[in-house]
Amino acid sequence: MDTLMNYLAMGGYAAWVWPSYGLATIGVVGVLLVSRRTLKTREREFEMLKNARRGGGQS
Amino acid sequence: MSVFTAVLARDLRLALRQSADSLTVVAFFAIATVLFPFGVGPEASVLARIAGGVVWVTALLAALLSLDRIFTVDYEDGTLDQLVLTGAPLPVVVLAKVVAHWLTTGVPLIIISPVLAVTLHLPAAGYGPLMLALLLGTPTVSLVGAVGAALVLGTRRGGVLLSLLILPLYIPVLIFGTAAIEATVTGVSAGPMLTVLAGFMVLALTLSPWATAAALRQAVE
Amino acid sequence: MSVFTAVLARDLRLALRQSADSLTVVAFFAIATVLFPFGVGPEASVLARIAGGVVWVTALLAALLSLDRIFTVDYEDGTLDQLVLTGAPLPVVVLAKVVAHWLTTGVPLIIISPVLAVTLHLPAAGYGPLMLALLLGTPTVSLVGAVGAALVLGTRRGGVLLSLLILPLYIPVLIFGTAAIEATVTGVSAGPMLTVLAGFMVLALTLSPWATAAALRQAVE
Amino acid sequence: MVRPMTGDTSAPLTFSGTNLACRRGGRLVFSQLNFTLPPGGALVLRGPNGSGKTTLLRLLAGLTPATAGQLAWNGAPIDDPEAHAARLRFISHLDAVKPALTVTENLSFWMEVWSGKAVESGIVRAMEAMDLKRLASFPARLLSAGQRHRLALARLIVAPAPLWLLDEPGNALDDSSLKALARIIADHRAQGGMVMVASHGAAFVSDGATLDLAAFTPSDVSHWSDAEEGEK
Amino acid sequence: MVRPMTGDTSAPLTFSGTNLACRRGGRLVFSQLNFTLPPGGALVLRGPNGSGKTTLLRLLAGLTPATAGQLAWNGAPIDDPEAHAARLRFISHLDAVKPALTVTENLSFWMEVWSGKAVESGIVRAMEAMDLKRLASFPARLLSAGQRHRLALARLIVAPAPLWLLDEPGNALDDSSLKALARIIADHRAQGGMVMVASHGAAFVSDGATLDLAAFTPSDVSHWSDAEEGEK
Amino acid sequence: MHRFANPTQFMRIANAIYPWAAGLSVILFLIGLPIALITSPPDYQQSETVRIMYVHVPSAWLALMIYGIMAGGSAAFLIWRHPMANLAAKASAPMGAVFTGLALITGMLWGQPMWGTFWVWDGRLTSFLILFFLYLGYLALGDAFEDSERGDKAAAILCLVGSVNIPIIHFSVEWWNTLHQPSIVKLGGDGVKSTVDGSILLPLFLMLGAFTFYYFAVLVLRLRSELLAAKIRNARMSQVATHAAIDPAAEGRLFVDSARLPRASAE
Ligand code: HEM
Ligand SMILES: Nc1ncnc2c1ncn2[C@@H]1O[C@H](COP(=O)(O)OP(=O)(O)OP(=O)(O)O)[C@@H](O)[C@H]1O
Ligand SMILES: Nc1ncnc2c1ncn2[C@@H]1O[C@H](COP(=O)(O)OP(=O)(O)OP(=O)(O)O)[C@@H](O)[C@H]1O
Ligand SMILES: [Mg+2]
Ligand SMILES: [Mg+2]
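Residue numbers (my numbering), protein chains in the order written: chain P, 1 to 59; chain Z, 1 to 221; chain Y, 1 to 221; chain F, 1 to 232; chain R, 1 to 232; chain B, 1 to 267.
Calculated from the structure, these hints are not laboratory results.
A hint or two may mislead.
Pairs of lysine to aspartate or glutamate, DMTMM-like flavour, derived with a Cα cap of 25 Å [unchecked claim]: (1) P:K50 x B:E48; (2) F:K117 x F:D131; (3) F:K133 x Z:E221; (4) F:K117 x Z:E182; (5) P:K40 x B:E48; (6) R:K117 x Y:D81; (7) F:K133 x P:E45; (8) P:K40 x B:E174; (9) F:K117 x Z:D77.
Computed far set for chain Z versus chain Y, every beta-carbon distance over 10 Å [to be verified]: (10) A27; (11) G41; (12) V46; (13) V57; (14) S66; (15) L174; (16) G199.
Taking CB as the label site, the calculated pair distances span [claimed, not checked]: (17) R:A83 x Z:L12: 36 to 42 Å; (18) P:K40 x Z:L207: 37 to 43 Å; (19) Z:V107 x F:Q191: 42 to 48 Å.
Just so you know, even glycine gets a beta-carbon here, dropped at the ideal spot from N, CA and C.
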């Protein structure tokens, strides 16, 4: 337990090291998630438009 | 009040759709501030001495640039005609637009100001008063600026002309805004200065919507 | 060259007819500079220390505000279409317009700058280099700014966006412009800095008209 | 803030102006102009470019002050511009459409402003009247000029008002939209509403009176334009 | 930089386009459009709003790039936009008139740009052609919409060029100005010049060919179309 | 070159790269992160704060590399009218801005314990700040037009102008800083370099690789997304155009087989 606490304390620099990694994680994962989500919504929208157009063309 | 909420909601929605708008104001604030170290030199002591003033002056200039457009788009696309003809009191419509402007530009400026203060090496004690002073001062800036923006509608050269009309009026806000920071940094209470700023805000809040409404009426004539 | 002189003469004539335009730029320069004593406090020593930087930064901001309109009017009234279709090289037309802009805004800024330097207590030795540096720097400012002004044609919120695009590119000019003043005040020769500024000007003179022309071509598409 | 529709009021409405004059840019555009609009009435404004049609409509809306003369509503002089504004709708050259908002959002904003809150059914009715329903979720920036203008006209329907002031409402409209416009104007008049239309070729108003503004142009206008040219 | 007038050149000129297509705002406005303009020829562009008349004229002027297709001058492909620009005059919706300059100053600027120097007699001739002479010393800001537009049209006369591209040149013109316009177009063609006119009701071009742009509107072709879209 | 101008071709290659880039990135992160955070030893001078370097330096590296890629893409777009090159630049820009921001923030978090201040007007730090503004300008300009195609070209020109200026800005700032400011702390970079040994280099290179492959993987996703956005725009445009035609005659015409479009010419 102590070793863990010791490790987490980062030799007294926890306040600098962990936020760095935290923010980096947020940035890296965030860009990934946002990119994937816009891709997904656009795929869905495009599918919808295509179907709508097919329907319209036949009528 | 439904007119107030409708206009406020619409302006906020437009600002969100075109979110780059408030971002560019913040960006101007940041870049203009960052110019000063290049002009003045990187010594922390000098920068710290002028930090409060520089942040305030650039915040005023940034607010001014964004105020330039507060009524222009509505004026050019005919919405302003229709807003004058709502049948509701025009000052209420004006107030809604000013509140929306403040929320989308004033608030981001306040939020980012400590970051800029850091780069200018403002002493840590100054952050609180800086933000408080901006919080009390920027509404006045938006309110007074709206009068000017309404006055210059329909002129070419809106931007520069607006600065001529409005910047002198900002000087009291600037003086007390920087004095609040100065006071705290030198260990005095910033309370009186902040009270004066609040007083300015109340005064602007009671007068500016009427003045702006009058100016808008003559703009749509 | 007849296109060059024709465009230059026309722009100068228009500026003279609407002389308020260059006056407002000078006025903005003056007012924004005068804000600093209010923001920073009246101590002569502090002001003297930052005078060169403040004058340069506000000159950049003033130039920027006026650059905002350098192509807009021509764009909106259809003149730009016709200028693209003169059959003469577009960079020449661009250069004529930039020269006219510099003569009507840059030169007035240079002329009034010593007055502002006095109010900021700049040491007397600094006036010469200040004006020389502005003389060598403001053409670059106009040239680089023209690229940005051409790029933002047709956007809403031209002014703020333009500052975001262009201010970062002005930093080298700012650095060497203030360094020239600094050097003279501290007794070193300003020669090298002024040479660098001249170099920037030559570089801008060779590249910017082409980049601006490309931006204008895509604007009229 | 719900305003009663004209048809519901028992007393028939009238709108009139006496001896109106208006000066723009130092020049008297028209003078000694009189008109009366009966309930359900329509008045078509005609005249060459620059004869003052737009100017008159803006004056009637209370935007431009009259240089001389008096407007009256039901015989009583109009002195409160806000109360007057509440009973009219004004369609100008400018569409007052926000490109970033969808068609629905554009309409619901004005419905909220004029009648206190936005009701779905009212918006749908307005969109149907101007054949915009299939565009409901499109940002207005994607609309063509004619579609944008139809969106502006749909504002007439979202919240009723007794007096319509329409400045060249047929601009950019194709045939079927012109018919739709004629239909909503006829419906409005059938309910007792009044319409004034500035137009160069108004096929969409039946049996309206006509007011030719050229007749009210003061003869001594100005040294540089029409009078002198007229001599030729 | 004096450019020879068409009539002086011995070889007759032609201007043609093959297989032209243009995309605006992500949408193909027209495609597979062909035309040939013989010397002295006139071509009237027609079509409903948004069918691409303005787009085509801007493409022919070299302002908008063609998405596909090729323009040719006397049979040779046009690749230098500046050389092409020198042989055309383009009248657009926008008048390119400076309100602060007088009528004479406005014209002499363009004369200087196009033919190297401004000559009084040339300016007077242009003003006479469009009946502007009595307004010569007026700042353009005082002109009415029609007068401004006539000033724009007078630019066609100050410096001759073989190809005229006119976008709705009849806008805001009164009857006698329409006749003047028809006259200068006829003179231009008589000298071997070519004209393309986009117009809704072109009474001012005699015996021109007509190109209906509605016929070239593609159904829903998209530039990005790849295999996936092609399947449909 | 023009083989890649075709979106289908381009995306075929991009999609083939995707699994490799994504996989390598995940593997490198899985190996690199534990080493960076746990097994690598603390630096004798900077103690545990040296671990910040393993995210700081890759972020800074990506920030620079992405601007380079964007400049190349913009040039290809402007010179050869290569639409995919521009899409690559457009898709990269937000990532570039994020990584520049990360380099700045992690740098600031490093500076406070090391130098006792969050920010110094050091040459390298400052020119990075300006790079951040250049990214923001690119994003704002590309976004400022109603017509997205206009935004594309304007932003591409801006990107090229910026890439001419970056070296000028960099050297000016370096020079400015050394002229005015010998007093304040020297950048830690040199201090670290002397102590660089394998135990630091290994996690650094692993993380550099992880970040780089991550960029390429996400770039493919964003390219797909940009391409779809363009298609959606087109589809919407033609939908609006279709709806514009209300009379049946026009409606009939709109569904003509494109192969039978009239080719008549007017003589
Ligand atoms: C806001 C603050 C900072 C910024 C913007 C910044 C930016 C940069 C940049 C641009 C690089 C170059 C990356 C490359 O060449 O690939 C870099 C590398 C590096 N930085 Fe920072 N940095 C900051 C703070 C710090 C601090 C406080 C330290 C350490 C005490 C530091 C240590 C390093 C090291 C060790 C490297 C890599 C070694 C080298 O190439 O010199 N940085 N940083
Ligand atoms: N804001 C203004 N300032 C000065 N003069 C104006 C203003 N607005 C209009 N005018 C002038 O008033 C006159 C009438 O203009 P108005 O727009 O009312 O004409 P109109 O009949 O609507 O013409 P159109 O058929 O072109 O719409 C014109 O001579 C015009 O120049
Ligand atoms: N700059 C632009 N960006 C995007 N789309 C455009 C642009 N200019 C025109 N368009 C579109 O191209 C199409 C053709 O427009 P164009 O102006 O050529 O039509 P037109 O035939 O001249 O119409 P009008 O009769 O109204 O003058 C329209 O659908 C229009 O929306
Ligand atoms: Mg009118
Ligand atoms: Mg057109």
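field: Structure-inconsistent hints, enumerated in ascending order
entry: Violated: hints 1, 3, 4, 5, 8, 10, 11, 12, 13, 14, 15, 17 and 18.
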